[in-house]
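As they're listed, the protein sequences go chains Z and F.
Quick note, the first sequence lines up with residues 953 to 1401 if you use our numbering.
Quick note, the second sequence lines up with residues 166 to 498 if you use our numbering.
It cannot be assumed that every hint is accurate.
Restraint ranges, calculated between C-beta atoms of paired labels, are given here [what the hints assert, rightly or not]:
no., chain 1, residue 1, chain 2, residue 2, range
1, F, P174, Z, Q1068, 57 to 63 Å
2, Z, T1324, F, V274, 50 to 56 Å
3, F, P302, Z, T1324, 34 to 40 Å
4, F, A376, Z, K1157, 40 to 46 Å
5, Z, S1079, F, K382, 50 to 56 Å
6, Z, Y1354, F, R230, 37 to 43 Å
7, F, R230, Z, K1318, 24 to 30 Å
8, Z, V1004, F, K442, 55 to 61 Å
9, F, K442, Z, S1211, 27 to 33 Å
10, Z, A958, F, L233, 52 to 58 Å
11, F, V211, Z, S1211, 53 to 59 Å
12, F, A376, Z, S1211, 35 to 41 Å
Hint data in this document are derived by calculation from the structure and do not stem from the laboratory.
Quantities reported herein were computed from a predicted structural model and do not represent experimental measurements.
Note that the Cβ used here is the ideal one computed from N, Cα and C, for glycine as well.
Residue strings, one per chain:
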Amino acid sequence: MSRNQALTTYKKGGIHPAEYKLTDKSPVQILPLPEKVTILLSQHIGVPAIPVVSKGDTVKVGQLIAQGIGFVSANIHSSVSGKVVKIDSLPDLTGYKKPAIVIEVEGDDWEENIIQSTDLLKDITLSKDEILEKIRESGIVGLGGAAFPSHVKLILPRDKNAEALIINGVECEPYLTSDHRLMLEYGEEMMVGIRLLMKVLNVRKTMIGIENNKADAVYHLKDIASKFPGIEVYPLKVKYPQGSEKQLIEALTDREVPSRKLPVDVGVIVHNVSTAYAVYEAVQKNKPLINRIVTVSGKSLKKPSNFVVRIGTSVRFLIEAAGGLPENTGKVISGGLMMGKALNSLDVPVIKGMSGILVLSEDETKRKPIETCIRCSKCVTVCPMGLEPYLLMSLTQNGNFYRLEKEMVLDCLECGSCSYICPANRPLLDYIRLGKTDVNKIIRERKYV
Amino acid sequence: MSKLLTVSPSPHIYGKDTTPNLMYGVIIALIPAILASILYFGWGAVIVISVAVISSVLFEFLIQRFLLQKKTTIQDGSAIITGLLLSLCLPSNFPVWLIILGSLFAIGVGKLSFGGLGNNPFNPALVGRVFLFISFPAKMTSWPEAQGFQTQYIDASTGATPLNIIKEGLGKGDSISHLMDKIPTYQQLFFGNMGGSIGEVAAVALILGLAYLLLRKIITWHIPVSIILTVVIFTGILWLVNPAHNADPLFHILSGGILLGAIFMATDYVTSPMTTKGMILYGICIGILTVVIRRFGSYPEGVQFAILIMNGFVPLINYYIKPKRFGEEVKNG
């Protein structure tokens, strides 16, 4: 099977940045315990969790330390055993101070009900509601990056019906290999997780979408999928941003999720491969979401690796384990090259949605000077949502928010394909983000008038 | 204190395309046409091309440096393209001072008066070409014949272009079958053995350029293909309805400036639409206008006017023709 031959993908736009998958052959290593962890209380989309421990308390691995409140929120558990030394506001990934719990590590003492053995537990004994409750209790959020509380996605609106589950193993971002390694090393566990999700959603069909630059994972999962009825593996043509929910759904089902609608409106639910694995651990082993695989990579890094990391470990600790911060570092990114956030400090903690830490050299960091738009229309061609980035940028610059809304600025995924392709180095996405913020503000105000 | 890190919004990686390397890509695509023009017209072509390119670049530099007093942009290659395209639609015996005047008009009025690259509504090379055509019609309609490599310049033997022969012949009441005997064969038309501007004659060289532009993804197929198809269909209908008074589609495509215009002029980034749907509409309109001017207008050739007219409609096309948004129509598997 040669690459990209006769494989399906989504139709509109897209780019193909250099892949740089430096760590796709590096098995996952378990990172040693840090001295302390900083666990942020808002690692998910929605309301921040409320602490249920106080300063001085001793906690075990897997113990609930903050409770999600309201519908869209998630529980947070201690990822280590030790003593709570601080409950305070500390800088999160963006540099703003947010509530967090700091725990000093003492030993590695797990909650008794967590099964620590690595045996595969394949039998599903719990009912639909029991599984859902366990997923909610365990604080599982979407591990692809958005960190939307998973149990919320599993409770369908009354009038909606899901026909199929889609599992996102696309990993279209350059450098990142955490999902790739997970599929290779924990494939069967993930499959059990998928069966659990299928039971909750009451669907008979699951499609796993994987880009074909991970042919080994495609073969491996196809092999084991035969033991799991209803699950099928689909290799996809390599194209960014295929990992975006709407694009993946189109690639696999040929259905387009309409503007401002949800996947369930076209009859599907999408979860990430890592989320499926977390569901397996939560339901079959009673283990809440306390660690995850993080790819630490970069061309100048000595030992790019995939690590299993406890939530709350500092980014500095991860980079040290990968050979230390190179002298010429210009930028450190949480997430992928295309959509990740640049960090302003290495002392921020790992959060549930962090799939990678990338270290870029100073040369790779610099932006080139902005030139005049030559109207080459490449931004329009690559936009996967069928928008016109050049127009959205100039409308934002001119403050024409009424027209921005009409030109569907809110549909922008912020995938960055337009800024990537622009030959005049125009900061298209920077301006589009500003435009989105302003349009959202106007829409909110309109509701209150 | 630890090292300071750069913080900037995503994306953190950029593609390799830059304005200059897209422009130089277009110049590379023009090389076959330049070589063909030298092969057919000799020193005349060399003089016309070099004068046009040098004066275009020089005027861009002088105007930006001394008149506008801002950063010069000659290194982006766009002035070279303007010079090349202007020269390729001139006759090989064109007086040097007129070439310089044409370049000044193209760069000064066509491009820089609107704010330079990216802001000009009309294709600068065509602005220069039409300026010369309207101001000096006699000089612009005496076309040296392609007779292999020549060394003479001003006194090259001239004759009518195939389009001229057809236009005048039809005007006098001759029938097409009779006129077709007077014009070169299709094979000659394809390889460029005919009278005409230095760049438009060799269809094969222009098609090679098109292949390069498409392969390097500098342009998409939408504009050239829609222009050429429209011309083929429109002239095909006329030909089928009345073969005695209309030349066939193949003759129309291979003669005159349609290929040069469709491949290199209508596809100019700055003056063409931004969406694929818009590009197709623009191409169809150019095709129709070209045939209307050729067949019913008073000029034998119409493609440059057709492109300039449609350049004027591009803002309107961009305003009304939107790409198909993702999820616009609900598909049902």
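At the C-beta level, are A958(Z) and L233(F) separated by a distance inside 52 to 58 Å?
54 Å, holds
Is 55 to 61 Å respected by the C-beta to C-beta distance linking V1004(Z) and K442(F)?
57 Å, holds
Indicate whether the distance between the beta carbons of Y1354(Z) and R230(F) respects the range 37 to 43 Å.
The hinted range 37 to 43 Å holds for Y1354(Z) and R230(F), with Cβ atoms some 41 Å apart.
53 to 59 Å was suggested as the range; check whether the CB atoms of V211(F) and S1211(Z) agree with it.
Holds - the Cβ-Cβ distance for V211(F) and S1211(Z), about 57 Å, lies within 53 to 59 Å.
Using the Cβ atoms, figure out if A376(F) sits within 35 to 41 Å of S1211(Z).
38 Å Cβ-Cβ, so the 35 to 41 Å window holds.
C-beta pair T1324(Z), V274(F): status relative to the range 50 to 56 Å that was hinted:
19 Å, violated
With 34 to 40 Å as the target window, see if P302(F) and T1324(Z) comply at their CB atoms.
This hint holds: roughly 35 Å between Cβ atoms.
Could one say that the CB atoms of A376(F) and K1157(Z) fall in the range 40 to 46 Å?
Since A376(F) and K1157(Z) have Cβ atoms about 45 Å apart, the given range 40 to 46 Å holds.
Per the hint of 24 to 30 Å, is the separation of the Cβ atoms of R230(F) and K1318(Z) within bounds?
28 Å, holds
With 50 to 56 Å as the target window, see if S1079(Z) and K382(F) comply at their CB atoms.
55 Å, holds
Please check whether P174(F) and Q1068(Z) have a Cβ separation lying inside 57 to 63 Å.
Violated, since P174(F) and Q1068(Z) (Cβ atoms, about 41 Å apart) do not stay within the stated range.
Does the Cβ pair K442(F), S1211(Z) satisfy 27 to 33 Å?
About 19 Å separates the Cβ atoms of K442(F) and S1211(Z), which means 27 to 33 Å is violated.
In summary, the numbered hints that this structure violates are 1, 2 and 9.
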